[in-house]
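Undergrad: Starting from the given sequences, assemble the full structure and let the hints guide the process.
Residue numbers (this note's numbering), protein chains in the order written: chain X, 4 to 498; chain H, 282 to 378; chain P, 927 to 1415.
Simulated from the structure, these hints should not be mistaken for laboratory data.
These numbers come from a predicted model, not from an experiment.
Built from N, CA and C at the ideal position, the CB exists for glycine as well.
Wrong hints could be hidden among the right ones.
[To be verified] Chain H stretches covered by chain X per the calculated footprint, using a threshold of three residues with CB under 8 Å from any CB of chain X:
(1) 296 to 305
(2) 308 to 321
(3) 328 to 342
(4) 360 to 372
Here is what each chain is made of, one letter per residue.
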Amino acid sequence: MERSLIERTAAEIARGVNRGEHSAAEAVDAALARVGDVEERVGAFLTVLSDDARNRACAIDERVRAGERLPLAGVPLAVKDNMCVTGTRTTCGSRILERWTAPYTATAVRRLEDAGAIVIGKTNLDEFAMGSSCENSALGVTRNPYDLSRVPGGSSGGSAAAVAGYEAAIGVGSDTGGSIREPGAFCNVIGFKPTYGRVSRYGLIAFASSLDQIGPLTRTVEDAALVYDAMAGYDPMDSTSIDRPVEPTAKGLLESLSGLKVGIVRQFDTRELGDDVDEVYDRAYHDLEALGAELHDVSLPTADYGLATYYLIAPAECSSNLARFDGVRYGSRVEAADVQAMYENTRAAGFGPEVKRRILIGTYALSSGYYDAYYVRAQKARTLIARDFEAAFAEVDLIACPAASSPAFTFNAKSDPYSMYMMDYYTIPMSLAGLPALSVPCGWVTPPGGALPLPMGLQFAAPLFSEKLLLGAAHAYESATKHALKHKPEVGARG
Amino acid sequence: MSSEKIDVRYVAKLARIALTDEEVERFGAQLGDLLEHVNALGALDTSAVPATAQVVESRNVERPDTVVPCLSRETVMAQAPQRQGAFFRVPRIIAEG
Amino acid sequence: MADVTLTRYQAVIGIECHVELKTLTKMFCGCPNEFGGEPNSKVCPVCLGMPGALPAANGEAIEHVVRAGLAFGAEIPAFSKFDRKNYFYPDMPKNYQISQYDMPLTLGGEVKFWREDGSMSACRLVRIHLEEDTGKSTHAGSGDGRIAGSAYSLVDFNRAGVPLMECVSEPEIHSAEDAVAYLESLRRTLLALGVSDVKMEEGSLRCDANVSIRPAGSTELGTKTEIKNMNSFRSVHRAIENEIARQIEVLESGGRIVQETRGWDEVNGVTHSMRSKELAHDYRYFPDPDLVPVEFSRETLESIRGSLPELPWRRFERLTGQYGVEPKQATQLVDNVALAEYFERVVAASRHPQQAKNLVLGDLSRLANETQIPVAESKVTPEALAELIALIEAKTINSKIAKDVLQRLWENGGSPKSIVESEGLAQTSDPAAVEKFVDDVLAANEKVVADYRAGKTNVAGFLVGQIMKASRGKADPALVNELLRKKLG
Ligand SMILES: [Mg+2]
Ligand SMILES: [Zn+2]
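TA: Printed below as a string of structure tokens:
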């Protein structure tokens, strides 16, 4: 049965456009129509770029007619609103940037556009990417398409929801401590964070520079690979992007796991997630074995310190990165009699509580007298965590573990900041070590009191620069299990 | 590792964020809680461990000294919260009195 | 202040310089590094600190600092990195400055400098590091452009992100004169290296002085003050003198020096306290995660070292030592590299530094001044000048003819030898020929001769002049004198 344009994968849309079976304009129109249908309930977007998207689609169609073949021809793309797109409002979900228009385009987005993708809108996020539910956005509420009473995860919740709700074929987000993988898990999509430095950060509004990494949110692993292949590679505008060849990943994805050694982290096993959740992961590990993988116990003795390490390093960097929002050159401003008061009032009104908390803790951790005790010690702990992974990867090819501490939760369920931070318990260690990691749908649970089954995500992590292996393994697992296809989102899909 | 109480007002001054008394209370308590969790790092022996500032080691990434076009002045000034001619305008830098 | 009071104290001065580097582009973006221009016209997302923009280091600027370090004999550590210095200020786009904290590009070294009397001294350096400049604020509403009392400020970010080298000296300068001599030498060196224009009036050289005093003979450091706002070497001199005097007065009247920043008031010739109620500084330095460390191989350093020009202090030493050039003239030569090189080529070709000095700094420099053509670009080649010196030294021509020949060389170039030959300007040293001129003049001036013999010996000069005139200037003046004295008895 022919599936509707919105249900097709990026690979299918690009193939259709390149072969002239349908136009980019039709693909974009279909996506925009879907946005019109469901956005009121989902709220994935902060800005929808209908006119720009239609114009760009026509341009792509012309290029294709002229004989060009583009890997993402006509693919509707949802961009997290912390990435700059020329002439477009770019807010970071913050009051302070509510009316800021970017004068340039982020390298990663530009590369996707060059590959034929069409930005249809900018998606909601936790303010400045700080959060795990999108509830910290000052500018909108995003709901989980699989259960509208629940959060989509965060901070890239808008992009995850847009893709899960069939509003866009692909999305991009940024992951600092799990901000792609966790919403991926919550929304039944692939959330993939490449090796730190693989994708240029130029034009990504920084949260924590040494951790931030852009990555895809897609409905299939193949699409994630296509997006990665288009984005990855050295950018002279980002000195921390890595200048070494990128191995393309989309062609020849693995179909089996035979011979692969997969590590199960002993320390993670002791954590109680609840019986039904534990059961999903046990079954997932069992499935890996059934697909030919050899399971090994691995030890990450310092992984338990990940959260503490992260909550010093990330706020320290953010306290400095966000200093530029001061009401002088751009952004909102609260007038006052002198500059100090103007700064203080502007930032008090412009930032939400979570952003303020992190700026304060980071400022404290860097301040005179505390720098060595907090910041430097965290950097040393980071070394130990990276070494643990190195030792583990001497034994195994991949590590498998949960992508989040629970399935999607209801709004306002995590009012205590630390309980929210705990959501990223499994994703933070990989971020600290810079490793490529992704979340792939691995099953469903219906929580007590919940009416709808909720998706769960299995996280795979691989050694630095092992994207090809990582995506390959995820693809083999995905094709064999097809968990993502077992339920449709609550907002439905037009058939 | 220290577990003393954070002087939230001082830190907020450094960070240039005005806080209400209620916020000083609330953030003070929350930051204290977080610090307690973070203090767990004290259990790690890091005396002989080098610090990691960047996880992927690279060196000498340099840009050639060649000029690229600037932004147009209108693009730059269009977003100024307050401008005077071609300048950004800010209130007095040193407080009065 | 009585001199006796002054001698009871020793001043201790350290100098901190910020020098804008001469590059085509800014430190971390491709905007042009140029002075002036319409406000906010030389900016981009990077140097304006726009959301999402990232710095990319200018390799040329890094090399400039290393060149300076090597010239001053500094150590270039194998590993260096950029750090963020965090503080809020309206002309700082990111509210942190990318700078270097604990691992600067260069460590140690020294600046050799010389005084007016030609004596050499040196001041050691703590470090040189690389950072980015801030934008510029103009303070309005206070009447005098000062920040205190201003109603608002206007900010231009054209200068934001310009590469800046910060050069910190040890506190081992002991007088205002030496402070200026140090700065002069630093300026000359950076100019010679081609790393900066070092113009105080354009702000490409800015300096602060840390000043303290202590009882003469003491080795402990007194409490220092930091003087800012000095915008010429003259004001550096005045400000330091003034501050030393102020500190002595405070101590003499039983007071204590307060550690503070003091601004130099050029108009009233005093320093004044700049203490404000601002927050205590806590810069929260940490490694900039947007940039990667810098490492130097021995080969890179050697190749930079090999490309260094001769340093001004070394040239000064050679000029005064080897060639006996006066300190003032040597300084002139150091400041005019082309002229100095010209001079040295003349010396090398003529092996006669004294004549070379007289001709190059005297007649040639005068001609250069009159015609506005630099000596080194004139038609007079160093080889021609050496030839002229040889003709003078061989007494082929006398100094008066030499001046004429030089004038012709200046106008038309060519070889002095052939000018002398073709114009028959060679000196007449044949005793018989000269004697004829002498006899003719004596015969024609009997009255004068009689006067001379009557004791009015000062008329001899008149007679010499007449003889030279008769010989069309070619008679050997020494021979003329000798014969005249003999004949007049
Ligand atoms: Mg400095
Ligand atoms: Zn720029």
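Undergrad: Each hint needs a verdict: does it hold in this structure or not?
TA: Status of the hints after comparison with the structure:
1. A count of 6 residues in the segment 296 to 305 of chain H with a Cβ less than 8 Å from any Cβ of chain X is obtained; the coverage claim is therefore met, three being the minimum.
2. Residues of the segment 308 to 321 of chain H with a Cβ under 8 Å from some Cβ of chain X number 10, which satisfies the need for three, so the listed coverage holds.
3. For the segment 328 to 342 of chain H, the assignment as covered by chain X holds, since 10 residues bring a beta-carbon within under 8 Å of that chain's beta-carbons and 3 suffice.
4. Check on the segment 360 to 372 of chain H: 7 of its residues sit with their Cβ under 8 Å from a Cβ of chain X, so the three-residue criterion for coverage holds.
Against the hints set out earlier in the document, no violation occurs for any number.
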